[in-house]
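Trainee: Spelled out from the first residue to the last, the chains are:
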Amino acid sequence: MSLAEKTRPAGKARATGRERKREPRITDEHGRRVRGWELALRYLLLLGVLALTIGPFLWQLSTSLKGPTEDIFSSPPKFLPSDPTLHNYERVADTIPVWDYALNSLKVAAANVVTNCVGAALAGYALARLRYRGRRVATLVFILAMLVPVEGIIIAQFTTMRELGLNNTLVGVVLPGCVSALNVLLMRNAFLNLPYEIEEAAFVDGANVWQRFFRIALPAVKGTLAVVAIFAFMGAWDDFLWPLIVLSDPSKFTLTIGLNYLHGTFANDERLVAAGTIIAVAPLIVLFACLQRYFFRGVGEGAVKG
Amino acid sequence: MASPTLTTGTPGPGKNRGARRVRRQLPASPWLFAAPGLLITGAFILYPFVSTLVNSFTDRRTLVPGEFVGLANFRELLHDDMFWIGLRNSSLYVLGVVPALVLLPLLLALLVQKNIPGITFFRSAFYTPVVASIVVVGLIWVWLLDERGLVNSLLEMLGASPVGFLSDQWLILLSAMGVTVWKGLGYYMIIYLAALANVPRELHEAAAVDGAGAVRRFLTVTVPAVRSTMVLVAALSSVAAFKVFSEVYLMAGPSGGPAGEDTTLVMLVQRTGTGLTGRVGYASALSVVVFVVTVVLMLLVLRADRKEEA
Chain Z
1 MSLAEKTRPA
11 GKARATGRER
21 KREPRITDEH
31 GRRVRGWELA
41 LRYLLLLGVL
51 ALTIGPFLWQ
61 LSTSLKGPTE
71 DIFSSPPKFL
81 PSDPTLHNYE
91 RVADTIPVWD
101 YALNSLKVAA
111 ANVVTNCVGA
121 ALAGYALARL
131 RYRGRRVATL
141 VFILAMLVPV
151 EGIIIAQFTT
161 MRELGLNNTL
171 VGVVLPGCVS
181 ALNVLLMRNA
191 FLNLPYEIEE
201 AAFVDGANVW
211 QRFFRIALPA
221 VKGTLAVVAI
231 FAFMGAWDDF
241 LWPLIVLSDP
251 SKFTLTIGLN
261 YLHGTFANDE
271 RLVAAGTIIA
281 VAPLIVLFAC
291 LQRYFFRGVG
301 EGAVKG
Chain D
1 MASPTLTTGT
11 PGPGKNRGAR
21 RVRRQLPASP
31 WLFAAPGLLI
41 TGAFILYPFV
51 STLVNSFTDR
61 RTLVPGEFVG
71 LANFRELLHD
81 DMFWIGLRNS
91 SLYVLGVVPA
101 LVLLPLLLAL
111 LVQKNIPGIT
121 FFRSAFYTPV
131 VASIVVVGLI
141 WVWLLDERGL
151 VNSLLEMLGA
161 SPVGFLSDQW
171 LILLSAMGVT
181 VWKGLGYYMI
191 IYLAALANVP
201 RELHEAAAVD
211 GAGAVRRFLT
221 VTVPAVRSTM
231 VLVAALSSVA
241 AFKVFSEVYL
251 MAGPSGGPAG
261 EDTTLVMLVQ
271 RTGTGLTGRV
281 GYASALSVVV
291 FVVTVVLMLL
301 VLRADRKEEA
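If you read the sequences in order, they're chains Z and D. Sequential numbering from 1 applies to the first sequence in the numbering used here. Sequential numbering from 1 applies to the second sequence in the numbering used here.
Hint data in this document are derived by calculation from the structure and do not stem from the laboratory. Source: prediction; values computed, not measured. Each residue gets a CB set at the ideal place from its N, CA and C atoms; glycine is no exception. Keep in mind that the hints are not guaranteed to be accurate.
Going by beta-carbon spacing under 8 Å, a handful of chain D positions derived as facing chain Z [stated by the list, open to error]:
#, residue
1, F33
2, T41
3, F44
4, F126
5, L154
6, G273
Distance ranges between label pairs, derived from CB positions [what the hints assert, rightly or not]:
#, chain 1, residue 1, chain 2, residue 2, range
7, Z, G165, D, V223, 48 to 56 Å
8, D, A43, Z, G235, 52 to 60 Å
9, Z, I143, D, S91, 22 to 30 Å
10, D, A35, Z, N193, 37 to 45 Å
To be clear about the criterion: a stretch of chain D counts as covered by chain Z if any three or more of its residues have a C-beta under 8 Å from a C-beta of chain Z, and this derived list gives those stretches [claimed, not checked]:
#, stretch
11, 240-252
12, 290-298
Take these sequences, add in the hints, and give me the full structure.
Mentor: Following this line, the structure appears as structure tokens:
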């Protein structure tokens, strides 16, 4: 089920053939014509909210592009840099190893995507399709795990990592969330929604369980797998509390922890912090721009289950 | 999808026999499939959960194993000013954030519901803050709300004197709540959009025929129709709000603002339990309070829902 598609009202489709011949007109979700002033008001409100949601990002971008001689505190504020420069991006790299941090974040996020996709697909398939004693218990384990608030067990996760000697490593950052229970249950539901007959037929044709999994079931749940991958990437890239607790050596920092460090140590230089935040947010905005419908779909599936 | 010839491969009568045979697996393979997930979940979620409960009755420290101390940690909580400050702030956070996150995204969803030109752009744009890391969002707002930042220079243009958003204890907490709401708007907007798509248009039309204005229709048609979604949003956002950490940590600083007065419960857990001198036992007792309140909040929301229905 795609939320983005569901939310698209069917107003236009309902227009009659005669109406379609006339010039295209703007209708509401009930297929009625929207009055001019109402439309103007609507766009005015939309632009207002747009300024509130996107404006802060643009202001940060503008600050990051302002040179050292330009006043960033001026009143009235100057929205466009008078002499745009990438100087701050070079300087932030001299202050903290920001590209190393970006690489660490990328490693953590990539690992999180792979482990979640593989682990959740395998476990989800086992819960949905395979018959064995203890399956209900296994399902219950994942449901319980999903209900545990991470913030409440974070200290015990930290001591567990210490016992394993994995504190202050990137492996330690990835491990606790590397097969999230929510993703397992999402995959389970996706597999349950597949018609059973296809796999049955493959079984009759002599396909073993791995062949049925890889050749039939997995290709049919690609959409959900994409949602899992995107949210695993975003979750790992954006995460703050856990890496803050588990990483103590500045050379191992991820971007979010590095930014917090930059902010705490060089708080007076807003241009540097601005450049750092833009480096951290740009990849995700690009990803979102390319794969919007999976982001929206993930909200629906995650909210209903979580 | 797989090739259609596969679906037609089994004729009617053979179907059930086939199904029964599929169910007879090699004994090892199902567990092989589930093993990675179960192992990780067991080792890094369920074991820490149990060990949090156990540790809350010990005086364990990061480097010292610790001994059973009974309810000593919980007795200490009652006399710990910082605990009460944390509980107060996290509770205030719920009270401040949840009404805003139940109502504003619904209004926003109504605004972007109509299929007018460019609307998909607006929907995506409004969702952008959800995608950004809370650290990025926090630092953007720290700069915007700076004493000499954009918000204050705009206020100055209007003739107002600068506001110390990030220096006053209560304004810090309020600003952090604002950031939480700002970041959450798009997420809940998408949830509401799906719910609104299921509201039958006849209801709106009937109300309009009866002469109900926009506000009346909102209260008598829209709100009842999306009520269960509002409860879901209230439950999700109240649990998340009580566990707030990052926003306040970034805006008030690691020590929680002036005299630590802005410390939230999860900030206290983080500060008490980590590092080489961390008091794991005491932090675990604090975590148990987080669990209990989270569960109570969920139950309260669900109960309020049932009462209203009755």
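Trainee: Now tell me if each hint is right for this structure.
Mentor: Hint check results:
no.: 1; hint: F33; in the structure: 4 Å, holds
no.: 2; hint: T41; in the structure: 5 Å, holds
no.: 3; hint: F44; in the structure: 4 Å, holds
no.: 4; hint: F126; in the structure: 5 Å, holds
no.: 5; hint: L154; in the structure: 7 Å, holds
no.: 6; hint: G273; in the structure: 4 Å, holds
no.: 7; hint: G165(Z) - V223(D): 48 to 56 Å; in the structure: 55 Å, holds
no.: 8; hint: A43(D) - G235(Z): 52 to 60 Å; in the structure: 19 Å, violated
no.: 9; hint: I143(Z) - S91(D): 22 to 30 Å; in the structure: 28 Å, holds
no.: 10; hint: A35(D) - N193(Z): 37 to 45 Å; in the structure: 24 Å, violated
no.: 11; hint: 240-252; in the structure: holds (count 4)
no.: 12; hint: 290-298; in the structure: holds (count 3)
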